[in-house]
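S.K.: Turn these sequences into a full structure, and let the hints steer you where they fit.
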Amino acid sequence: MTRELRGWLAAVLLVVVVPIVALGGSEEIPRLTFAQLVDSIRADSGVTETIKSYSGTEVAIQGFIIPAGPPDLSFFLLSRVSALGNYCCEAPVGQDETVYVFTTKPVNITYDPLRIFKVVGVFEAGMRADAAYGPSLFRVRDARVEQAVGARMFKTGDFPASASKP
Amino acid sequence: MTILTVALKYLRGRLVASTLTAVSITLGVSLVVASVLLARGIKEGFIAGATDYNLVVGAKSSPTQLVLSVVFRMDLATPNIQYTTYRDLQQDPRVETAVPIGIGDAYRGFRYVATNSAYFAAFPWRRKTFALAAGRFFADDPPSDPTYEALLGAEAAGSTGLQIGDRFYEGEEMAEYPLTVVGILRPTRSADDRAIFLSLSSYWGMNEVARGMAVKPLTAVLIRPKRVSDLPSLHRALNVGPETQAVLPSGVLLTIFNMMAVAEDVLKMLLVIVGIIVLLYVFVSMYSATMERRREIATMRALGARRATVLGIVLAESAALATVGGIGGIIGGHAVAYLAGSRLGSNGLVTNPFLVDVFEPAVLAGIILLGTLAGLLPAVLAYRTEVAENLAPLS
Numbered sequence: 517m518t519r520e521l522r523g524w525l526a527a528v529l530l531v532v533v534v535p536i537v538a539l540g541g542s543e544e545i546p547r548l549t550f551a552q553l554v555d556s557i558r559a560d561s562g563v564t565e566t567i568k569s570y571s572g573t574e575v576a577i578q579g580f581i582i583p584a585g586p587p588d589l590s591f592f593l594l595s596r597v598s599a600l601g602n603y604c605c606e607a608p609v610g611q612d613e614t615v616y617v618f619t620t621k622p623v624n625i626t627y628d629p630l631r632i633f634k635v636v637g638v639f640e641a642g643m644r645a646d647a648a649y650g651p652s653l654f655r656v657r658d659a660r661v662e663q664a665v666g667a668r669m670f671k672t673g674d675f676p677a678s679a680s681k682p
Numbered sequence: 090m091t092i093l094t095v096a097l098k099y100l101r102g103r104l105v106a107s108t109l110t111a112v113s114i115t116l117g118v119s120l121v122v123a124s125v126l127l128a129r130g131i132k133e134g135f136i137a138g139a140t141d142y143n144l145v146v147g148a149k150s151s152p153t154q155l156v157l158s159v160v161f162r163m164d165l166a167t168p169n170i171q172y173t174t175y176r177d178l179q180q181d182p183r184v185e186t187a188v189p190i191g192i193g194d195a196y197r198g199f200r201y202v203a204t205n206s207a208y209f210a211a212f213p214w215r216r217k218t219f220a221l222a223a224g225r226f227f228a229d230d231p232p233s234d235p236t237y238e239a240l241l242g243a244e245a246a247g248s249t250g251l252q253i254g255d256r257f258y259e260g261e262e263m264a265e266y267p268l269t270v271v272g273i274l275r276p277t278r279s280a281d282d283r284a285i286f287l288s289l290s291s292y293w294g295m296n297e298v299a300r301g302m303a304v305k306p307l308t309a310v311l312i313r314p315k316r317v318s319d320l321p322s323l324h325r326a327l328n329v330g331p332e333t334q335a336v337l338p339s340g341v342l343l344t345i346f347n348m349m350a351v352a353e354d355v356l357k358m359l360l361v362i363v364g365i366i367v368l369l370y371v372f373v374s375m376y377s378a379t380m381e382r383r384r385e386i387a388t389m390r391a392l393g394a395r396r397a398t399v400l401g402i403v404l405a406e407s408a409a410l411a412t413v414g415g416i417g418g419i420i421g422g423h424a425v426a427y428l429a430g431s432r433l434g435s436n437g438l439v440t441n442p443f444l445v446d447v448f449e450p451a452v453l454a455g456i457i458l459l460g461t462l463a464g465l466l467p468a469v470l471a472y473r474t475e476v477a478e479n480l481a482p483l484s
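Protein sequence lines, in the order shown, are assigned to chains A and B. All you need for the numbering used here is the position in the first sequence, starting with 1, plus 516. All you need for the numbering used here is the position in the second sequence, starting with 1, plus 89.
Quick caveat, the hints were computed from the structure, so don't treat them as lab data.
One-sided excerpt, in silico: chain A residues whose CB lies under 7 angstroms from chain B:
(1) A584
(2) P587
(3) D588
(4) T626
(5) Y627
Some chain B residues well away from chain A (every beta-carbon gap over 12 angstroms; in silico):
(6) F226
(7) G254
(8) L368
(9) M380
(10) T388
(11) P450
Simulated DEER-style distance windows between Cβ atoms:
(12) B:M349 <-> A:R558: 42 to 50 angstroms
(13) B:R396 <-> A:E544: 54 to 62 angstroms
(14) A:G666 <-> B:Q180: 39 to 47 angstroms
(15) B:S248 <-> A:A559: 57 to 65 angstroms
(16) A:T564 <-> B:V363: 58 to 66 angstroms
(17) A:D612 <-> B:A264: 57 to 65 angstroms
(18) A:G610 <-> B:M349: 29 to 37 angstroms
(19) B:P231 <-> A:A559: 44 to 52 angstroms
In this text the structure is predicted, and so the values were computed from the model without any measurement. For each residue, glycine too, the CB sits at the ideal point set by N, CA and C.
M.R.: The following block contains the structure:
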């Protein structure tokens with residue numbers, strides 16, 4: 517009986533621990549900040565090679581959702597500044613500090629214009645014009661959206677330590 | 090005889106009780122399916138009916154009222170703004186398209202919507218297209234010479250029975266300014282189906298106050314920016330001024346969805362309670378049937394039926410009841426959703442109760458599983474029926 521119990525315990529531990537170890541060992545998704553995005557912009561809507569090196573990889577960006585597209589949030593803007601807080605202390609930002617976000621799966625969030633959300637998806641840098649939404653410098657495709665609990669916004673020149681990439 | 094044949098025979102043997110059990114499952118499942126379909130249909134109706142324009146500019150008032158009145162024609166129009174607001178926005182370098190909207194009264198409940206030809210224009214970014222079922226679009230007439238031509242949405246035309254060439258008005262004061270039907274639109278599955286469109290000049294001409302105004306009034310302006318990233322600055326600029334407000338229609342709809350989500354959570358709790366009651370009813374029904382049949386089961390066992398066979402018969406009975414009730418419930422739920430959807434559709438909401446996707450098979454599988462589980466305890470009781478005890482003489 518004890519032997520059988522030990523066998524079960526070992527099996528349960530294997531099932532529980534292995535995925536945790538596997539996930540824990542996987543590579544962390546790099547976080548980009550609006551400060552980094554702004555800092556990467558060069559003349560004639562060019563962007564630095566450093567920020568371009570993130571293109572095609574999955575990144576996380578935190579910001580305010582501006583529902584500029586359909587209400588199913590299949591497209592929206594992610595901005596450093598909330599667009600809908602009319603009495604917010606900062607003036608609205610433009611293309612430099614706005615990311616075009618495209619989602620393919622349904623977005624299940626409780627939308628709040630004054631709350632910071634975390635978007636994880638495939639990053640694209642460089643000027644490109646979308647037929648429906650016009651030109652943009654930064655895009656995130658196949659995005660997932662979740663609330664960024666305890667998020668802090670960074671301003672130009674202010675970088676989080678974990679976001680830097682050689 | 091297979092287990093299923095015996096189970097069906099037993100169900101036929103107590104037809105009234107079996108039917109009542111199946112009907113109770115049907116009612117419960119109908120309620121769940123209809124509620125889910127309607128909640129989903131209302132949400133999808135809002136999404137499908139949302140405008141392709143990114144910004145709605147109107148007078149200072151409730152953003153929800155502005156979007157519901159201008160986009161969905163479901164609320165009273167907000168106060169007027171000046172036509173010059175539209176002119177200014179047209180000349181703003183950030184704006185690609187600006188469309189003026191004037192919301193008027195109604196003819197037999199169908200709102201007058203004044204606009205210009207840009208409202209119906211096909212742009213590459215537009216999901217919605219307007220096509221004529223009959224006639225033509227109204228002319229963009231000058232304010233000095235209004236034509237009083239009307240273009241009817243599909244539902245407005247169908248419900249009022251108005252045809253091309255018909256002249257109509259509602260209310261004594263409008264008798265001097267009847268509108269003439271010049272076109273009927275194909276269905277768009279949006280609030281535009283319930284609108285009566287006319288030119289801005291006709292709209293101003295029909296209104297005694299507007300006729301005398303030097304700067305004509307408007308209800309709202311729909312905006313499409315050249316770059317979507319310009320929306321925040323446009324939004325802020327129009328909101329900090331004393332005259333106007335700018336609203337992202339999707340933002341308003343998402344706020345409405347947030348409020349609906351609270352109601353949906355309450356509904357889900359109620360539906361869970363309904364589900365538990367139905368399962369309890371199945372359990373009680375199967376339990377009493379098993380208790381009544383202990384002697385028959387003992388006889389079967391005495392004649393060589395295995396315990397597992399007896400267990401299988403009772404489980405098959407409850408699974409069969411759940412299957413019949415589940416299928417009936419899904420059909421019933423769709424019927425209820427269709428009836429309720431038709432009513433909501435006439436009030437301004439569009440639903441699609443015919444939509445069948447993974448939800449229906451999942452509900453059916455869930456009902457069969459839970460129904461079978463509800464019969465598990467009675468089945469175990471049947472399984473444990475002792476032959477000697479239950480075949481003893483009755484008196």
